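Protein chains in written order, with full-length UniProt numbering: chain A, 1 to 93; chain B, 1 to 93.
Read the hints as simulated data drawn from the structure, not as lab findings.
These figures come from a predicted structure and were not determined experimentally.
There's no promise every hint is true.
Identical copies go unnamed one by one, so any copy, or any two together, can satisfy a pair.
To be verified - With a straight-line cut-off of 27 Å between C-alpha atoms, the simulated DSSO-like cross-links for lysine-lysine are:
| # | residue 1 | residue 2 |
| --- | --- | --- |
| 1 | Lys71 | Lys11 |
| 2 | Lys74 | Lys59 |
| 3 | Lys11 | Lys74 |
| 4 | Lys59 | Lys4 |
| 5 | Lys71 | Lys16 |
| 6 | Lys59 | Lys3 |
| 7 | Lys59 | Lys71 |
| 8 | Lys74 | Lys3 |
| 9 | Lys16 | Lys74 |
| 10 | Lys71 | Lys4 |
| 11 | Lys74 | Lys4 |
| 12 | Lys3 | Lys71 |
Protein chains: 2
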Amino acid sequence: MEKKTIVARAKVLAEKQAAFLNATEALIQGTRAERGNISYTLYQSTENPSDFIFYEEYKDENAMSVHAASKHFKSFVETIDGMLAEEMVIESF
Amino acid sequence: MEKKTIVARAKVLAEKQAAFLNATEALIQGTRAERGNISYTLYQSTENPSDFIFYEEYKDENAMSVHAASKHFKSFVETIDGMLAEEMVIESF
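Next up, chain A with everything else stripped away, as it sits in the complex (with noise of 0.2 Å):
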């Protein structure tokens, strides 16, 4: 079993930080009731407000895959739409 990864960025448009913040919680919740999560946290920059980073740990990669086709993280990607100020950069380590 190997630690999966996975740091994700978002730039958030400053008139929709309000509705990301409310849009993350089904999704911080969701994700941290999945058997194979062990963390999932999200933080804002000190210096940007509309900069944020999603920290993610999961079991193995089936965990990872789990987690990307669930209902709550879809709904999330859905619900964003229209938000971000550009595309999210999502790296797995």
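We have chain A already, so just place chain B on it with the hints.
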């Protein structure tokens, strides 16, 4: 040349948060001036203000070592001694 990424998480004592943020300023400035640094960003958890994460990108392994040996990094480590609730978790990818 293979980009190196560091993710460093810190849990700061509540009463030390302002001092910690203050100490990061010289570190961030110094690091961004390093030739091998690509990006260096500090984020704060949207849920727990005592939780911080540095997301750092370097051009290669050597650039990462230059950073670790730098005066601004070493003096930061000294300055924040006693400010953390637990040891920092530093991962490199």
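Hint by hint, here is what the structure shows:
no.: 1; hint: Lys71 - Lys11; verdict: within (23 Å within a copy, 31 Å between copies)
no.: 2; hint: Lys74 - Lys59; verdict: within (20 Å within a copy, 33 Å between copies)
no.: 3; hint: Lys11 - Lys74; verdict: within (19 Å within a copy, 31 Å between copies)
no.: 4; hint: Lys59 - Lys4; verdict: both (6 Å within a copy, 23 Å between copies)
no.: 5; hint: Lys71 - Lys16; verdict: within (22 Å within a copy, 39 Å between copies)
no.: 6; hint: Lys59 - Lys3; verdict: both (5 Å within a copy, 25 Å between copies)
no.: 7; hint: Lys59 - Lys71; verdict: within (19 Å within a copy, 37 Å between copies)
no.: 8; hint: Lys74 - Lys3; verdict: within (23 Å within a copy, 30 Å between copies)
no.: 9; hint: Lys16 - Lys74; verdict: within (19 Å within a copy, 39 Å between copies)
no.: 10; hint: Lys71 - Lys4; verdict: within (20 Å within a copy, 33 Å between copies)
no.: 11; hint: Lys74 - Lys4; verdict: within (20 Å within a copy, 30 Å between copies)
no.: 12; hint: Lys3 - Lys71; verdict: within (23 Å within a copy, 33 Å between copies)
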